[in-house]
Amino acid sequence: MDEKLSRKLRILADAAKYDASCSSSGAGGRKADIDGLGSTTASGICHAYTPDGRCVSLLKILLTNYCLFDCAYCVNRRTSNVKRAKFSVDEVVTLTIEFYKRNYIEGLFLSSGIIRSPDYTMEQMLLVAKKLRREHGFRGYIHLKTIPEASPWLIEEAGLWADRLSINLELPTEQSLERLAPEKDGASIEGAMAQMFERIEEAREERRHFSPAGQTTQMIVGADDTTDADVLRTSAKLYGHYAMKRVYYSAFSPIPDSSAILPLKSPPLMRESRLYQADWLLRYYGFQVEEIAESAEKGMLDLDVDPKLAWALKNRHLFPVDVNQAEREMLLRVPGLGARAVDKIVMARRHTTLRLEDVARLTSGLKRAKPFLIAADYHPNKKLDRQDLRERLIEKPQQLSLFA
Amino acid sequence: MSLHLITLKNGADLDGFRRAVRWLMAEELAPQHILWSLDEAPGLFGDDDLHDAPPVTLPKSVARLIEMCVCHSDPERYALLYQLVWRVLNGERDLLEIASDPLVHRIDMMARAVRRDLHKMYAFVRFRRMRTEHLERFAAWFEPDHFILEAAAPFFIDRFRSLDWTILTPIGSMRWDRRDLTFGPPARREDAPDEDSFEEGWRGYYESVFNPARVNPTAMRAEMPKKYWRNLPETAAIPGLIQTASQRVDSMMEQEATMPSKRTPERALEAMWDQEPKTLEELNAIIAKAGPLVPGATQAVFGEGPKRAEIVFVGEQPGDQEDLQGRPFVGPAGKLLTKAMAEVGIDRSKAYLTNAVKHFKFDQRGHRRIHAKPTTGEVKHYRPWLMKELELVRPRLVVALGATALLALTGKSTPISRSRGIAQFGPYRGYITVHPSYLLRLPDEATKREAYEAFLNDLRRIHDLAEADLDTGELPLAAE
Ligand code: SF4
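Each protein sequence line maps, in turn, to chains L and V.
Each residue of the first sequence is one higher than the last, beginning at 1 in the numbering used here.
Each residue of the second sequence is one higher than the last, beginning at 405 in the numbering used here.
Treat the hints loosely; a few may be bogus.
Pairs of lysine-lysine residues, derived as DSSO-like cross-links and limited to a Cα-Cα distance of at most 27 Å, are as follows [as the list claims (entries may be wrong)]:
| no. | chain 1 | residue 1 | chain 2 | residue 2 |
| --- | --- | --- | --- | --- |
| 1 | V | K777 | L | K86 |
| 2 | L | K130 | L | K31 |
| 3 | V | K693 | V | K711 |
| 4 | V | K754 | V | K711 |
| 5 | L | K184 | V | K792 |
| 6 | V | K777 | L | K130 |
| 7 | L | K298 | L | K237 |
| 8 | V | K693 | L | K86 |
| 9 | L | K184 | V | K682 |
| 10 | L | K131 | V | K630 |
| 11 | L | K298 | L | K314 |
| 12 | V | K711 | L | K4 |
| 13 | V | K464 | L | K31 |
If you only want the chain L side, here are some residues facing chain V, beta carbon under 10 Å, derived [claimed, not checked]:
| no. | residue |
| --- | --- |
| 14 | A15 |
| 15 | Y18 |
| 16 | L37 |
| 17 | H47 |
| 18 | S57 |
| 19 | L59 |
| 20 | I114 |
| 21 | I115 |
| 22 | E183 |
| 23 | Q195 |
| 24 | P254 |
| 25 | S259 |
| 26 | I345 |
| 27 | R349 |
Hints are computed from structural coordinates only; laboratory data are not their basis.
We treat Cβ as the ideally placed atom computed from N, Cα and C, and that holds for glycine.
All chains should be modelled from the sequences, with the hints used to inform the complete structure.
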């Protein structure tokens with residue numbers, strides 16, 4: 001590989017890494033044509049993990065890190081003094097294809113700083129996607145970052161080539177957006193999200209290809225003073241209105257050459273991880289956002305215990321729950337029982353009566369679950385009422401980033 | 405009762421296991437009487453009757469689980485699987501639903517291990533280009549934990565169908581030559597190429613996406629255990645990345661915020677927001693460049709007419725003739741429209757005619773190209789262009805010809821029959837009528853004539869509306 005290209009790749013990968021998403025899921029099973037290249041799988045594949053524990057699935061790069069915008073939290077803002085570079089369309093295509101052939105990646109996640117105009121930038125990104133699909137018969141995964149300031153017809157085109165589209169909200173409130181990202185505007189972001197949502201739904205019904213893996217977004221946590229409860233309320237809205245496939249949370253992390261208005265701290269990784277857990281409760285465990293907000297202190301999630309446990313500790317009167325009797329909805333609320341474990345319990349108990357050792361085979365979270373459940377040969381008795389229950393259940397800060 | 409010895413082939417011997425199960429079930433031999441062993445090339449059971457045992461039908465979920473678990477490297481796998489089969493066929497048909505059962509649990513764990521191994525193989529195989537002269541050939545060395553070579557093959561074929569590749573492992577090898585898959589003997593690491601010209605770049609990529617402020621090697625090792633590292637070119641960077649991480653973060657945090665070294669690019673910033681097309685020509689150039697958003701079409705067919713036309717007629721999409729000539733409303737329906745316009749005194753050359761969808765969507769049937777109706781989603785893909793087009797023409801009146809045009813103008817599907825007549829399309833005064841092709845499709849002459857009369861009436865009202873004095877804001881005709 002050419003030395004100059006290598007150098008650009010380093011700059012433009014470094015500039016793209018603050019986007020938490022690298023997922024290659026949701027495009028369904030697609031296979032290469034006779035003379036084509038690439039496939040997709042339902043849940044995607046992580047081809048490597050970096051020492052921050054994050055998955056490397058896609059070639060995640062910016063087309064360029066030159067940018068006319070001036071978002072305070074971003075390393076690429078026009079007032080930062082970082083090294084700049086720009087790929088040509090062909091360079092991105094070559095890198096994607098050659099990396100793909102060597103099985104390094106699932107596909108491409110292309111984003112870009114704004115150069116010349118939002119439309120021009122978006123058009124360049126579309127050219128990359130079109131070239132991959134048309135000239136190389138590329139059937140691997142393509143995730144395009146949509147530029148909400150671009151003309152609406154470019155969004156209409158983008159979904160025809162991409163498997164996933166995303167626009168990062170970045171800041172959970174309109175005020176923060178105004179203060180920290182002066183060129184951006186909440187209304188046009190939501191407008192573009194709504195447009196993508198509509199097209200994605202229509203195409204699904206019509207069995208056509210338009211961003212089949214849906215849309216996602218990201219919010220930065222810790223760059224402003226929004227509470228967890230408000231972050232989650234924003235997420236709930238995004239899931240509800242635009243059927244987001246995922247909302248990513250990205251702990252605001254030090255960047256080289258930072259802006260004066262955003263002093264640097266260590267990234268709040270535990271907070272990020274708790275937000276992911278709470279987010280899962282919203283999507284897969286039937287929790288309402290206000291239930292989680294109520295069990296948080298002053299709107300902030302408990303950093304020592306996971307949000308489900310925090311909720312259960314404040315709602316002890318609803319427990320213990322009998323694994324052999326309780327409704328699925330209630331089992332989902334037992335700390336330490338994941339959705340999969342609950343499904344297995346519900347299926348197994350149709351044929352047998354579950355004892356504690358049976359439950360132990362179905363979940364790895366038995367320690368957390370024990371005070372809250374009843375099995376055929378087990379009752380927690382007074383355990384639930386102990387004052388020090390929370391302290392006893394605090395996990396060692398180890399399983400961090402399970403969700404990130 | 406004596407023990408029966410059953411010997412299967414080393415590796416994932418699904419066929420052997422199937423045959424054994426048939427025979428054992430036919431003989432009604434319970435698991436405790438069987439001893440399972442493995443051999444390089446077993447003489448089967450030394451008993452040819454085995455082949456003739458009748459087939460055994462198992463629930464699909466059990467069969468699938470067996471396929472997975474025979475790949476496991478645990479020598480006990482066949483014994484465990486036979487226990488499962490025995491219980492399922494002896495009264496416990498739904499055994500798999502009891503995930504808490506110790507046997508089911510153990511077999512589930514085995515299947516999970518195999519699936520994980522497969523998944524890791526999909527993830528961690530690294531192809532290197534072979535030093536072949538002309539042909540592009542790739543090869544990889546991989547060390548799986550279980551006997552998954554055959555099970556993994558479909559994934560690699562589906563993905564790299566057009567490439568010539570070989571995967572070498574200590575338990576066997578496989579080569580895909582873009583047509584056929586062949587399995588070969590076990591290989592050694594040295595059989596694979598020892599470098600590739602893209603690895604350096606890939607390592608650079610890997611290093612660059614690492615965020616030192618989030619260092620968490622435990623999480624990394626959970627997903628990418630050390631045993632895989634020696635075959636992954638990027639992992640050479642790991643120790644260095646971890647070692648320097650905290651220092652890199654400290655230096656970022658200590659650094660004072662810098663002043664931008666360049667002046668604010670005022671001119672570029674201003675120009676940035678000036679991106680909208682300002683003429684129909686500019687808009688049409690954008691549409692042409694985008695290419696069709698529907699299947700079919702040889703070229704985009706743009707709107708046609710004076711830049712400041714009073715009336716805009718919006719049709720559905722270009723047809724066969726329009727697609728060939730690159731002009732709207734020149735086919736049979738267009739001719740009918742032109743004739744009707746002339747009859748009521750609308751000068752076609754003074755009106756602006758366009759379509760909701762700018763490309764001809766069709767199905768190819770032999771030599772014929774059959775019009776295919778654009779879906780709702782497809783019409784909406786074209787909608788932003790249509791809106792921009794209207795903005796540039798700024799007509800007094802917009803006429804929707806047919807349901808597709810109506811959908812494009814309003815964004816909602818409504819039947820024509822219910823909304824025919826005067827309408828409002830956003831900022832534009834509008835009128836809704838049928839598409840002329842509808843008139844052509846009517847079966848008998850009488851209805852045709854009647855429908856044509858109604859169409860002429862609509863056109864007359866359209867004519868009046870466009871002529872009316874708009875300054876008063878009064879509609880010349882009452883809405884129905
Ligand atoms: S638009 Fe804002 S967030 Fe995006 S690259 Fe430019 S400065 Fe960064």
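Checked hints:
Our distance criterion of 27 Å between C-alpha atoms is broken by V:K777 and L:K86, whose separation comes to about 42 Å. Restraint check for L:K130 and L:K31: the C-alpha separation of about 18 Å stays at or below 27 Å, so the hint holds. Restraint check for V:K693 and V:K711: satisfied, since their Cα atoms lie roughly 21 Å apart, inside the 27 Å limit. This hinted pair checks out: V:K754 and V:K711 have alpha carbons roughly 10 Å apart, not beyond 27 Å.
This hinted pair checks out: L:K184 and V:K792 have alpha carbons roughly 23 Å apart, not beyond 27 Å. For the given pair, V:K777 sits about 25 Å from L:K130 by alpha-carbon distance, which is consistent with the 27 Å threshold. Taking the CA atoms of L:K298 and L:K237, the gap is near 21 Å; set against the 27 Å cutoff, the hint holds. Between V:K693 and L:K86 the alpha-carbon distance is near 23 Å, which keeps this suggested pair within the 27 Å criterion.
For the proposed pair L:K184 and V:K682, the alpha carbon gap of about 23 Å is at most 27 Å, so the pair holds. Taking the CA atoms of L:K131 and V:K630, the gap is near 38 Å; set against the 27 Å cutoff, the hint is violated. For the given pair, L:K298 sits about 14 Å from L:K314 by alpha-carbon distance, which is consistent with the 27 Å threshold. Distance check on the hinted pair: V:K711 and L:K4 sit about 49 Å apart at the alpha-carbon level, beyond 27 Å; violated.
Simply put, V:K464 and L:K31 have alpha-carbon atoms about 25 Å apart, close enough for the 27 Å limit, and the pair holds. Checking L:A15 against chain V: minimum C-beta separation of about 9 Å stays under 10 Å; hint holds. Here the hint on L:Y18 is kept, as its CB sits about 8 Å from the closest CB of chain V, short of 10 Å. Given the 10 Å rule on beta carbons, the hint for L:L37 holds: about 6 Å separates it from the nearest Cβ of chain V.
Hint status for L:H47 relative to chain V: holds, with the closest Cβ pair at about 5 Å, below 10 Å. Among the interface hints, the one on L:S57 holds; its C-beta lies about 9 Å from the nearest C-beta in chain V, closer than the 10 Å criterion. Hint on L:L59 holds. Least Cβ distance to chain V is approximately 7 Å, under the 10 Å limit. Taking 10 Å as the C-beta contact cut-off toward chain V, the hint placing L:I114 at the interface holds, the least distance being around 7 Å.
Hint on L:I115 holds. Least Cβ distance to chain V is approximately 9 Å, under the 10 Å limit. With a cut of 10 Å, the hint placing L:E183 at the interface with chain V holds, because the nearest CB-to-CB distance is about 9 Å. At about 9 Å, the closest approach between the beta carbon of L:Q195 and any beta carbon in chain V falls short of 10 Å, and the interface hint on this residue holds. The beta carbon of L:P254 comes within 4 Å of a beta carbon in chain V, closer than 10 Å, and the hint placing it at the interface holds.
With its C-beta approaching chain V no nearer than about 6 Å, L:S259 sits inside the 10 Å limit, and its interface hint holds. Hint status for L:I345: holds, given a least beta-carbon distance of 8 Å to chain V, under 10 Å. Hint status for L:R349: holds, given a least beta-carbon distance of 9 Å to chain V, under 10 Å.
This entry does not satisfy hints 1, 10 and 12, going by the numbered hints stated previously.
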